[in-house]
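A.B. asks: Knowing the structure of chain A, use the given hints to seat chain B on it.
There are 2 protein chains.
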Amino acid sequence: MFDVAIIGLGAAGYTAAIYAARYKLSTLIVGEEEGGMGVTAAEVGNWPGDIEVSGPDLMERMKKHVQSFKEVTHKSARVVKVEKAAGGFRLQYEGGGTDESRTVIFATGSKKRQLGVAGEKEFAGKGVSYCATCDAFFYRGKTVAVVGGGDAAVEGAAILAQVAKQVYLIHRRKEFRAEPYWSNQLKEKTNVTFVLERSVKEIVGDGKVTGLALFHPFNGSDRLAVDGVFIEIGADPAVELAQQLKCALDDRGYLKVGADQQTSVPGAFAAGDVSGGSNHFAQFVTAAGEGAVAVSGVFAFLQERGA
Amino acid sequence: MFDVAIIGLGAAGYTAAIYAARYKLSTLIVGEEEGGMGVTAAEVGNWPGDIEVSGPDLMERMKKHVQSFKEVTHKSARVVKVEKAAGGFRLQYEGGGTDESRTVIFATGSKKRQLGVAGEKEFAGKGVSYCATCDAFFYRGKTVAVVGGGDAAVEGAAILAQVAKQVYLIHRRKEFRAEPYWSNQLKEKTNVTFVLERSVKEIVGDGKVTGLALFHPFNGSDRLAVDGVFIEIGADPAVELAQQLKCALDDRGYLKVGADQQTSVPGAFAAGDVSGGSNHFAQFVTAAGEGAVAVSGVFAFLQERGA
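From first to last, the protein sequence lines are chains A and B.
So the first sequence is residues 2 to 308, counted in this note's numbering.
So the second sequence is residues 2 to 308, counted in this note's numbering.
The hints are simulated quantities; they were obtained by calculation from the structure and are not laboratory data.
Bear in mind that the values here come from a model prediction, so they are computed numbers and not experimental data.
Where hints are given, some of them may not hold.
Chain copies aren't distinguished; within one or between two, either way the pair holds.
Said to hold, decoys possible - Okay, derived cross-link-like pairs now, DSSO-like style, lysine-lysine, Cα gap no bigger than 30 Å in a straight line:
1) K202 / K82
2) K166 / K25
3) K127 / K65
4) K247 / K166
5) K166 / K64
6) K82 / K257
7) K247 / K76
8) K143 / K247
9) K85 / K202
10) K71 / K190
11) K188 / K257
12) K175 / K122
13) K64 / K143
14) K71 / K188
15) K257 / K143
16) K25 / K127
17) K175 / K71
18) K65 / K175
19) K166 / K143
20) K143 / K122
21) K166 / K190
Just chain A, with the same shape it has in the complex (with noise of 0.2 Å):
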């Protein structure tokens, strides 16, 4: 049996792991995908310290990180059921097997949406961004799309209009569902242009985004020369596992933790994009300090039972 069960393989699973080891609990760490998220962004820069890195490399330094560490199970498994057993918790992963461990952190993160179109996948990190917070820096003096009409676009056509030449802000309908004060700021921004009751037909480029083409004309033409999209339409944690333990979600469907990121369930933490941690704001360097906060819970919990 383990100390701790750490699922999900990114910046938030791999932090944990390391101060897990640290404290010299035996520790499993288990996922499918080796990065998480982290390996989409194709350049990263705001990692304190590392001007310049992708984001496999930087995965790539955590995982090895992680693997210098004797005291850490690295595991490669899909988990496809979690349930309270004597003493902690159980594993199950796909096609058969089973472990045991005596606390286990969701570090599960989350799946961005997407928009579904033509030329999305084609040209992700070519011009279309999941995350204005991370990418808007790249696209200074740039013309940029946003799509969506909830907080996080209205927020991330706020922070492109910070840096880009010109931002397009197209949203389905005719009203926002942001809160009011932020779209009317932004209306007052000379530099951000709303089209509305619009929608995305297809992504275009050559190599990279050059345009998108629009369902119906705006201002005469159904194309806009854009460099970049940055599709804000929301994210989905990856709550299912802790779901079968019955783990509360907090108002926006995500882990609701406490200050030590435990999960409502004694013994069960979550750390990174899957938590309702850091304010919800799902970077690399709150994910990994959420990591480092719940091994803390976690050597608090198993001290407390006696380990």
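C.D. replies: Structure of chain B alone, referenced to chain A:
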């Protein structure tokens, strides 16, 4: 007038400056000691992705990262006063001079309390440590002493008991201030010895720590042979400047912050060891995470106020 003034040059302040610059906010970062408490770590080991890096090197990398942004004004000065001003806050420097900013982030850190005994300064980083979480890992199979009677000391001893061969927990009183279950758990560990009603007179060594002297003999000797001394008698968060603004403190004396790292004073944020965020788990990676969250909060605050 700056958009944001960051006070403090540690991991929290540097990370905040990086995020602020990437949001293209006009940013001031100011403080006295480059690197903050980070420079006191001889070997970090738990900064994700860097198996081996010294505190000074990590802080230097973060500083260079900050300096790579033209949006950031980097000043070396001692801030002696922070007060409200029209549209924001005014910082006053020792020796004169002021700056104004629409928002402020206190990243002023904390100071670990020292015992004030002979040998303590001489062997700092050479066997004397103020952070069991950070440094326990370097004492595998060794003999160490922990000094203190509160949660940090007892938790520190528990962490060290996982790693070290032998742990002496030295406390000047008969009872612990820490929660009883913690110390009860410790009593069951075969490699932990309680040295109660004893105080450290001197830390001795030869290039590095070899032992310590007690004021009164324990088990017949006033000497303990140890490879490391962990001084865990608390920390004093540098809240003075924030208190000039009447920012509220939490029940442990740290700056009270909301989920967005905003203090009780609108527009004034806190990040890192001075704040009560991250469940009071003071680490490079949690400080950095809080710096990022604070800037996300600053950006939202500025948008609301019509940036």
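A.B. asks: Each hint: holds or not?
C.D. replies: For each hint, the structure was consulted:
1. Within a single copy, K202 and K82 get their C-alpha atoms no closer than 38 Å, and across copies no closer than 56 Å, so neither meets the 30 Å cut-off.
2. Proximity of K166 and K25 under a CA criterion of 30 Å is satisfied inter-copy only: 13 Å between copies versus 51 Å inside one chain copy.
3. Proximity of K127 and K65 under a CA criterion of 30 Å is satisfied in both settings, with 28 Å inside one chain copy and 28 Å between copies.
4. In this assembly of identical chains, K247 and K166 lie within 30 Å of each other by CA distance neither inside one copy nor across copies; the values are 47 Å within and 40 Å between.
5. With identical chains, the CA atoms of K166 and K64 are at most 30 Å apart between copies only, with a shortest distance of 29 Å across copies and 38 Å within one.
6. For the homomeric pair K82 and K257, the shortest alpha-carbon distance inside one copy (20 Å) is at most 30 Å, but the shortest distance between copies (39 Å) is not.
7. Proximity of K247 and K76 under a CA criterion of 30 Å is satisfied intra-copy only: 25 Å inside one chain copy versus 50 Å between copies.
8. For the homomeric pair K143 and K247, neither the shortest alpha-carbon distance inside one copy (46 Å) nor that between copies (43 Å) is at most 30 Å.
9. For a Cα distance limit of 30 Å, the shortest separation of K85 from K202 qualifies neither inside one copy, at 46 Å, nor across copies, at 50 Å.
10. Taking the closest pair of Cα atoms, K71 and K190 come within 30 Å of each other only across two copies (23 Å); inside a single copy the shortest separation is 54 Å, beyond that limit.
11. In this homomeric assembly, K188 and K257 never come within 30 Å of each other (Cα to Cα): the closest approach is 34 Å inside a single copy and 34 Å across copies.
12. Only within a single protomer do K175 and K122 lie at most 30 Å apart by alpha-carbon distance; the minimum there is 27 Å, versus 66 Å between protomers.
13. Proximity of K64 and K143 under a CA criterion of 30 Å is satisfied inter-copy only: 28 Å between copies versus 35 Å inside one chain copy.
14. Only between protomers do K71 and K188 lie at most 30 Å apart by alpha-carbon distance; the minimum there is 28 Å, versus 56 Å within a single protomer.
15. Proximity of K257 to K143 under the C-alpha cut-off of 30 Å is found in neither arrangement, the shortest distances being 38 Å within a copy and 40 Å between copies.
16. For the identical chains of this complex, K25 and K127 are inter-copy neighbours only, at 22 Å across copies versus 42 Å inside a copy, given an alpha-carbon limit of 30 Å.
17. For a Cα distance limit of 30 Å, the shortest separation of K175 from K71 qualifies neither inside one copy, at 57 Å, nor across copies, at 38 Å.
18. Taking the shortest Cα distances, K65 and K175 never come within 30 Å of each other, neither inside one copy (49 Å) nor across copies (45 Å).
19. Taking identical chains as interchangeable, the C-alpha atoms of K166 and K143 lie at most 30 Å apart only when both belong to the same chain, with a minimum of 5 Å there against 60 Å between chains.
20. With identical chains, the CA atoms of K143 and K122 are at most 30 Å apart within one copy only, with a shortest distance of 21 Å there and 54 Å across copies.
21. In this assembly of identical chains, the alpha carbons of K166 and K190 lie at most 30 Å apart only when taken from the same copy (11 Å versus 64 Å across copies).
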